[in-house]
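S.K.: Line order of the protein sequences matches chains A and B.
Residues 12 to 466 in our numbering are what the first sequence lists, from first letter to last.
Residues 1214 to 1723 in our numbering are what the second sequence lists, from first letter to last.
Hints were generated in silico from the structure; no laboratory data involved.
The structure displayed is predicted, hence computed values, not measured ones.
Beta carbons are placed, not taken as given, at the ideal position from N, Cα and C, and that holds for glycine.
Keep in mind that the hints are not guaranteed to be accurate.
Claimed, not checked - Below are the DSS-like pairs computed for lysine-lysine, each with C-alpha atoms no more than 30 Å apart in a straight line:
#, chain 1, residue 1, chain 2, residue 2
1, A, K259, B, K1272
2, B, K1345, A, K422
3, B, K1272, A, K90
4, A, K52, B, K1345
5, B, K1630, A, K309
6, A, K330, B, K1475
7, B, K1272, A, K197
8, A, K382, B, K1272
9, B, K1345, A, K68
10, B, K1633, A, K330
11, A, K190, B, K1401
12, B, K1272, A, K377
13, B, K1467, A, K52
14, A, K412, A, K428
15, A, K330, B, K1395
16, A, K422, B, K1543
17, B, K1543, A, K412
As the list claims (entries may be wrong) - Here are some of the chain B residues that sit facing chain A, going by a computed Cβ distance under 10 Å:
#, residue
18, V1268
19, T1270
20, L1314
21, Y1321
22, A1336
23, G1349
24, F1498
25, P1514
26, G1521
27, Y1599
28, K1602
What the hints assert, rightly or not - Per label pair, the in silico range of CB-to-CB distance:
#, chain 1, residue 1, chain 2, residue 2, range
29, B, S1261, A, K387, 26 to 34 Å
30, A, E23, B, D1446, 46 to 54 Å
31, A, E64, B, G1645, 37 to 45 Å
32, B, H1400, A, D28, 46 to 54 Å
33, B, E1344, A, S310, 56 to 64 Å
34, A, D95, B, I1530, 39 to 47 Å
35, B, E1672, A, K309, 29 to 37 Å
36, B, A1438, A, I326, 21 to 29 Å
37, B, Y1278, A, E59, 48 to 56 Å
38, A, I326, B, G1549, 38 to 46 Å
Single-letter residue listing:
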Amino acid sequence: MRYLPKSPADREAMLADIGVAGVDELFACVPEEYRLTRDLKVPRQHAESEIIEYFRKAADKNANGYASFLGAGAYRHYKPVVIDALVQRGEFLTSYTPYQPEITQGTLQAIFEFQTMICELTGMDLANASMYDGSTGAAESVMMAVRVTGRTHAVVASTVHPEYREVLQTYAQHQGLTKELVGYGKDGRVDLAALDKVVTDQTACVLIQSPNFLGLIEDVAAVAEIAHKKGALLIVSIAEAISLGVVKPPVEADIVSMEAQSFGVALSYGGPYCGVIATKEKYMRQMPGRLAGETKDKSGRRGFVLTLSTREQHIRREKATSNICTNQALVALMATIFLTVYGKQGLKELAEQNLAKARYLASQLKKAGAKLPFEKTPWFHEFVVETAEPVAIVNEQLLEKKIIGGLELGKWYPELKHAALWCVTEQNTRTQMDAAAPVVASAKSANSEKVLAGA
Amino acid sequence: MATTPEVQDHKAHRGFRGNTRKVSQHVNQNEGLIFEKSSPGKKAYRLSEMDVPAVDTAKELGSAYREDLGLMPEVSEIEIIRHFTRLSTWNYAIDLGMYPLGSCTMKYNSRVNEFVSRIEGIAEAHPYQPEKLSQGALQIMRDLQQCLIEITGMDAITLQPAAGAHGEFTGILLVRAYHESKGNPRHKVLIPDSAHGTNPATAAICGYQVENLKSNASGMVDIEALARQVTEDTAALMLTNPSTIGVFEAEIHKIAEILHAKGALLYMDGANMNALVGKTRPGDFGVDVMHLNLHKTFSTPHGGGGPGSGPVACKKILEPFLPVPLVIEKPGGQLGLSFDRPHTVGRVRSWVGNFGMFVRALAYILANGPDGLRQTTEDAVLNANYVRKKLEGHYELPYKTASMHEVVFSDKIQTRKGVKTGDIAKRLIDYGFHPYTVSFPLIVPGALMIEPTESESKEELDLFIEAMQQIAREVEENAEFVLQAPHSTRVDRMDEVAAARKPVLRWRPE
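In isolation and in its complexed conformation, chain A is listed as follows (with noise of 0.2 Å):
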């Protein structure tokens, strides 16, 4: 087997060493009852080009040479080619959690530089080295209010990402977590008048997240307002990391939970992605997971320790803030190397492309004949697409272009008729959206030809 670095000869030499016969003699402490004396039937050994073959193949079955515009947590940004040359360093890729300071300055570095971008992009004074992903992210930082506030309440906002939403479910359904749904009124955002209504002296905290799910910007400041005046924390998620490059940070906020799969990840199915939590200082204790902090070593040169271990379970078992242990890191680099790339200015620009794409395309649709339900609404490059025709419909005649539309969202929000969430990025070109608006405009039978024309 090409990767064990032994000959035969070296076997022997050790057996020999250690003193038994056979290296089935270090395996006499299993009960012979269940030892497997039988081939394991997975597939036989391959060759490398074999290895690749049978992965080309699959990825011929998946999607090839479509335009896409899904988004709706998953987002097709370009990722530099710098980000690859340097995360494929073995010294990144092969080390582990920089628990020996003196041989891992380069990844603690790294976090730290990290955590700095991530505080200066949402405003909060601090932040960790990563959590799994967005949702468990959300799930965290929810269990985290529940700590500092002392309280088992949670309200949460309808357009916080459907599956981030039943993640909470999973991770609350234990530890005494009560939450209650809030809608979103006519215009797509939260329900103030129904927020400022459950919002009691109970909750813990407020979990919404800007851009919303349907792309629209949330007013932090009103819901900030609503949740502090009864005592409770604003968690605000942010799936759509890029969004920082023009929308202001959601400074009001307690917690912010964010995905940075935008930052130069790869979309790859759905993960691996990046969580990760910032706060203010005051909750520094109650954060789950790695921190990497400032120091000085003996001589007094500056380095870098993970530090604040006292909150995690190899110190404190189950009295732990949280039971993560391996998180995001290298994913964690790559949002990193990604943030130097496009920096202050570049981010900026890139947000302002997302921006002003999506607007385009919003305004060919509409000139096809589709309603935009939210368009008073702020948003940022995501948003809701009404047509008269079912959403499936309206797909399959897109795929016949090789155009994949966007997400139909009658599963989670049935209120939302033959509605989709359509996200445009810097990735998608004036030709395809020109493409697809007329797809969307013909996608209609004889029947939907009248209710357009009545409308």
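Start from chain A and add chain B according to the hints.
M.R.: Quick look at chain B alone, frame taken from chain A:
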């Protein structure tokens, strides 16, 4: 830059007047923070030409418009390449040498894994793209699931958990749902004192009380104590097998019987699965549910702390409770994701989990085949026993029980000279090795937990053994020298107390 002390290298620069900016013993330049290289107007990007009309963003967003991005850096591409390349050279890594961190399974991460995960149709697959355009992704998941089910001897599996601790969480949720379906979730989870900290932390967030289970004189589960402690209120035992001292629970079948007799379940922490693959199967020896760490046993890279992947395999009785969605085969042979699972514990992560890690793990299994997987396990166990044999006597071996893939020594001999496991670890760095796991498991005071993995040649092992033997001699002859180690690194031991007392968790301009 101001925080780095400037020194003058008189020998190398005889006659040179003034201070050099190079302050490190390291072959590379020193390297500040990226923010310290930033200045307005430098850039490393160029956006593609706009092909749509420009928009007044400030007008579009109104009061939500952001003016400024604060201290975000502005640097050029060459500076980025140098910055991160220099940082990388300050890391130790498997690619540089033996990384015998016990319990972490720091094995070779093959490059074909990375290559195939970047094939466009895989790397660019959107998780919401239509099912009929995701057949390749679903096939990869189905094929990996089949392999993992066969390797563990279990009946069903979910790939959704993002890491080992996340797998534990999922597994204990299954346990709880199972007991609830019988009318009583029960209150207690038993955890041996040798367990990873994630086990008790997991039980707590699943709403269970943690009950400690003491190990016996061999470091194994004390069967009599177990029989006394297991009641109708015990939901499960979370057992690591082989244990954290690298010992196979010889009476595993009795452990399972005692639990099952009271209706409790056996959870296996699969952190040490690298000792078992192809030689024995947890499903055969009575385990009801377990997690795997794809980033340990199945060679997906640790990446400085993640990403991982923690699939959970279980017996038939727990299958109804698995998270949504699951990969299913539809009539007609198409694959799909099934959400129609009325008894599910719910979703533990968005989408299907860390898919990119599934690709790498499957590539690893394909590269090995059944013979390679078995040989891998045999070599891992051979390596640990070889190290044990050669270091016994130099270091105290607290448990004489047969070792599998890792061996745990203690610093008992060295503490007589005031040298502790952490000091020996730091000295090992000077010999070009990453330290072993320090001070874990907790049942061994001053533990040195060594897991060589199968990826070490005899030559590398012999170098490691020589280094460890040499350090043992150094402790006897010059303990102070060991206490001051490491002597060869770019930075010395860090002031961790100061870091925690007054945390500085982000950069700010001076």
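S.K.: Each hint needs a verdict: does it hold in this structure or not?
M.R.: Each hint, compared with the structure:
1. A:K259 x B:K1272: 13 Å, holds
2. B:K1345 x A:K422: Cα-Cα ~18 Å, so holds.
3. B:K1272 x A:K90: 29 Å, holds
4. A:K52 x B:K1345: 28 Å, holds
5. B:K1630 x A:K309: Measuring from Cα to Cα gives roughly 22 Å; hence the hint holds.
6. A:K330 x B:K1475: Status holds; Cα separation ~28 Å.
7. B:K1272 x A:K197: 22 Å, holds
8. A:K382 x B:K1272: Holds, because 22 Å separates the two Cα atoms, which is no more than 30 Å.
9. B:K1345 x A:K68: 15 Å, holds
10. B:K1633 x A:K330: Since the Cα atoms of B:K1633 and A:K330 sit roughly 27 Å apart, the hinted pair holds (cutoff 30 Å).
11. A:K190 x B:K1401: 26 Å, holds
12. B:K1272 x A:K377: Holds: B:K1272 and A:K377 sit about 20 Å apart, inside 30 Å.
13. B:K1467 x A:K52: Within the cut-off at roughly 28 Å; holds.
14. A:K412 x A:K428: 24 Å, holds
15. A:K330 x B:K1395: Distance of about 29 Å is within 30 Å: holds.
16. A:K422 x B:K1543: Satisfied, since the Cα-Cα distance of roughly 20 Å is no more than 30 Å.
17. B:K1543 x A:K412: 26 Å, holds
18. V1268: Hint holds; B:V1268 Cβ to chain A Cβ min 4 Å, cut 10 Å.
19. T1270: The hint holds - B:T1270 has a Cβ within 10 Å of chain A, the shortest such distance being about 5 Å.
20. L1314: 6 Å, holds
21. Y1321: 5 Å, holds
22. A1336: At 4 Å from the nearest chain A Cβ, B:A1336 passes the 10 Å test, so the hint holds.
23. G1349: With a minimum Cβ separation of about 4 Å from chain A (threshold 10 Å), the hint on B:G1349 holds.
24. F1498: Holds - the Cβ of B:F1498 comes within 10 Å of chain A, reaching about 4 Å at its closest.
25. P1514: With a minimum Cβ separation of about 5 Å from chain A (threshold 10 Å), the hint on B:P1514 holds.
26. G1521: 4 Å, holds
27. Y1599: With a minimum Cβ separation of about 5 Å from chain A (threshold 10 Å), the hint on B:Y1599 holds.
28. K1602: Holds: closest Cβ of chain A sits about 5 Å from B:K1602, inside 10 Å.
29. B:S1261 x A:K387: 26 to 34 Å: The hinted range 26 to 34 Å holds for B:S1261 and A:K387, with Cβ atoms some 30 Å apart.
30. A:E23 x B:D1446: 46 to 54 Å: 53 Å, holds
31. A:E64 x B:G1645: 37 to 45 Å: At 38 Å between Cβs, range holds.
32. B:H1400 x A:D28: 46 to 54 Å: 50 Å, holds
33. B:E1344 x A:S310: 56 to 64 Å: For A:S310 against B:E1344, whose Cβ atoms are near 59 Å apart, the range 56 to 64 Å holds.
34. A:D95 x B:I1530: 39 to 47 Å: The hinted range 39 to 47 Å holds for A:D95 and B:I1530, with Cβ atoms some 44 Å apart.
35. B:E1672 x A:K309: 29 to 37 Å: Given range 29 to 37 Å: holds, Cβ gap about 34 Å.
36. B:A1438 x A:I326: 21 to 29 Å: 26 Å, holds
37. B:Y1278 x A:E59: 48 to 56 Å: Taking Cβ atoms as reference, B:Y1278 and A:E59 lie about 51 Å apart, which means the hint holds.
38. A:I326 x B:G1549: 38 to 46 Å: 44 Å, holds
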